[in-house]
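Novice: Using the sequences plus the hints, can you model the full thing?
Protein chains in written order, with the working numbering: chain G, 287 to 381; chain D, 115 to 604; chain Y, 27 to 507.
If you're looking for bench data, these hints aren't it; they were derived computationally from the structure.
No false leads were slipped in.
Facing chain Y, from chain D, some residues (calculated, C-beta under 8 Å): (1) Leu211; (2) Tyr316; (3) Thr354; (4) Tyr442; (5) Thr476; (6) Tyr488.
Cut-off 30 Å, straight-line C-alpha distance, at most; resulting in silico cross-link-like pairs (BS3-like, lysine-lysine): (7) G:Lys303 - Y:Lys105; (8) Y:Lys105 - Y:Lys123; (9) Y:Lys240 - G:Lys298.
Yeah, the Cβ is synthetic: ideal placement off N, Cα and C, and Gly gets one too.
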Amino acid sequence: MLSPEHLHHLMKLAHLKIPEHEAPIYVNSLNKLIDILAMLEKVELNNKELSLSVEKLTHLRDDNPILPSEQSLCEQCAPQTISHFYIVPKVIEEE
Amino acid sequence: MSQPWHLRSAADLGRALRRREVTSVELTKYFLNRIDALDPKIHSYLVVTKDLAISQAQRADAMIQAGEGTLLTGVPFAHKDLFCTKGVRTTAGSRMLANFIPPYDATVTQKMYDAGMVLLGKTNMDEFAMGSATNHSYFGPTSNPFDLNRVPGGSSGGSAAALAAGLAPISTGSDTGGSIRQPASYCHLVGIKPTYGRISRYGMIAFASSLDQAGVFAHTTEDAALLLSILCGVDEKDSTSSYEEVPDFSKSLESNQLYRIAVPSSFFAALDSEGQAEFRRVLTTLEQMGHTVSWIDLPIQDYVIPTYYTIAPAEASSNLARYDGVRYGHRHENAHTLEELYSLSRTEGFGEEVKRRILMGTYVLSAGYYDAYYQKALLIRQHLKQVFAKTFESFDIIATPTTLSAAFLHNAHDTDPVAMYYSDLCTVSVNLADLPGISIPVMQHQGLPFGLQLIGRPFDEATLLNCSAQIERALPWHSTHSPIAMQEVV
Amino acid sequence: MNYQTVIGLEVHIQLKTKSKLFSSAPTTFGANPNSQANLVDLAYPGTLPVLNREAVEQAIVFGLAINAHIEKNTFFARKNYFYPDLPKGYQTSQSDKPIVGNGTFHFNVDDQKHSVHIVRAHLEEDAGKSLHDFLPNSSAIDLNRAGCPLLEIVTAPDFSNAKEVVAYLKTLHRLVKMLDICDGNMQEGSFRVDVNLSLKPIGSDKLGTRCEIKNINSFRFIEKAIEYETQRQAEILDAGGKVRQQTRLFQESTGQTIAMRDKEDSHDYRYFPCPDLKPLEITSEWIERIRNTRKIVSIEQVEKQLIEEYGLPAKETSFFLDNTQWLSYLNDARSHLTQPETSSKALANFVLSECIGLLNKNNQTFEDFKAQPKDLAQIINRLSDQTLSSKTAKQALALIMEGHTDVDALIQQHNLKQVSDVNALSQAIDAVILKFPSQFQEFLSGKDKILGFLVGQVMKETKGTGDPAQIDRLFREKLNS
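Specialist: As structure tokens, this is what we get:
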């Protein structure tokens, strides 16, 4: 069962800030989902089938550089740019 | 007395265009007119691209005049708002992208433009393709043209409803766990999801990368075959797209080849008595046509839903991490710290269902849970592929109901959103096993449409389309129209 | 208390491809902000990765060069975390089954043979850059570097001091440049070192808590960082405390390491195989093709070649080992020598003393060196057959460095042919004797040292074309007559 603390941990990893009053809704539905997932445990698999994937990558790209042509269109999509940089609140790297 | 344009198939419209009975501009205006008058009732479109449509129609008319193009040149279409359209707002049904104007076209979009098809507009959908009713759209729900109190299905509900209401002759959708086939079932349409890798995912906003696949809604098998041929093909921009040859699917419709059809008893058993009676009626018809129908044991129903709801949310949680308010999309105003920027932009931008699935995906991938959930689900998926492969050694097609009943009422699952996940029961295994699947509108439940699903071998869409065409000849469905479709517009 | 320092290294090298690992944008350094970030790099909705074959092959080249295991079925995994320089919210990297597995790296520490265990080398995409001093309350993000291909080379914690670390790094640096898979430019971030350091009491088996010092970009700073960090941890342990596991940065101004803020509260990267990329199969045929078409060399091999074929003393091989573009040039020129067995040494010395000398004098580099390898070789050929004198050879060099070509034509045009003809030289000698009668007398009376002056004057008289050996001989003959 998912505890509120665990939900907070998941929220931190996913960078979601669900308000306190809504948390029970999520805990509830997530627990229902976790119940459904319990079925996974019960499936027994033959050891022969343990390779994860059979298909191989067939798409390999030649090393030909192409200068991007959409920079100005992309800047139009951007919430905030200054002198072609994307701007975020200051990040502090040192403790 | 010929039928009104919106009750005819896209191929028919194409033939009329080529006979110069009508121009693409005229057809386009016809549908735009209908959208204007009738869409408020069902809310299938999020944006109508009037000016673009007219200019594309003019170009298409020139192509037809010059003897260029294909049967679908000049035919208008509705496009699920999951596909990027350059210069045209693309929202994925979400507040996160409410004002997003892509700087590029999806490969699917480009192919349709190149074929001379005409974009009528972008259709409503469950946010980021997560849902089965088109009731999780930031922009409000879509209603089923057969019964406005009911859902059209999801996540491609807008594209299905637009077609069923006669607001477009053909439309596109995407299918991750049933999002084309289920709405097709609820809206009396042909809905096909080809084999994973057939259609490029470049420009299709990602939900679950290993399951997502674009597909088609149509009134007839011929229409589905025609558009599928245009959309399929390898794309160097999508590493998961397949190099498998693409046949001209419209050539595989005429023959009356006979098939060995397998019917899994467990899905049949999940139907109620009316559903079972309907299903038996269809099976009898198949036998009368000469096909061999055999009941098989396919004991997968217990684990397909848990497997799907492990893999899809996991991939989604990672695919949706890019929505952080930095380079595009919704950004929380006046965020003081980076953490605020991220968490508030995302919390505001995503709806409840999306947040739920992101959290679920984070859970199944997180340390201590990965092996038991995600890793296990991947192994079960391989096992499932082998189960299907074994079945296809003795059979050509697997037939199931697409859904267990007709469309449900609008708020039927509001108190228990997780219960709605089970409406995907018949469809998810097809995505998990990378197989092609088609829903055809030959059954009814309580007076409302519900569909027969045919599942085929990998890359064997031709067999599905041929069988569908045969069924279409034996059990024609074209006289059933939604009440909205029956409404004429001056 | 005496401690044993235990160090493991992670080196990120930026592979020498023209386009990025999963997108076709260019990798050139120093472009205008975000001018080399395309839709895939910016993680636009609907965009997808496509793997660069060249990056894969360069990784395999490295693996082959250190005789490491090459993984037959490698795959890419997503490392999920949030940071502004990471547009997708995950880095496409490798977890299990990295492309290069176990290998051993040999190097010398003060002429002593050493080796360390390479645990793995894997491919991953680089992140962009954040500028924190651009604005007072904001950080500015440039995603040009996002998506560039990196090969992360990880050693076991086999190092015990800074000297070993620096020796390994210098050798690795040399190797990747020699293999032509990295330009080794540390200032531009092509070769980044993370040091993992812990201390354990001498005699103990149990490893201590380690700290990671990230992104040090000079060998000198690496030494200082190791010294400081060893001291810092020793002081904590001596005082009875516990070393906290941290990521630290080396502060160049103070010579100290400082703790970084945790980017994520929990380091749960939730690795899973990237569903946009299928597993990559590396067949034996592919590996053979790479072996046959690329230069898979070892430093020992090249050094041996420099000593044996070019006659360079062991101490003078460094220049060519560290400057692979000159090494390639040298080998190219050598292929045009008419008698390589006898003139390779002259060629190498000529490059070192004359070519490099001239470039340095004009503050120029290899990029400014316009002389063609075949022309340089021809100068050596003509020196060997005495057509050119050492002086006129320098003149010829100056000409080909200006971009002129066809040495034999230049010799004709500019009169560079060494004059050995007795009659022609006698005329010049006579002229010099007339100009400097007293010096000539001194020579005749036995002052051998004045011969150099006289020969020099004849050289001047012949505008440098005189054959000095012949002039010397002719003067000496006069002694006897």
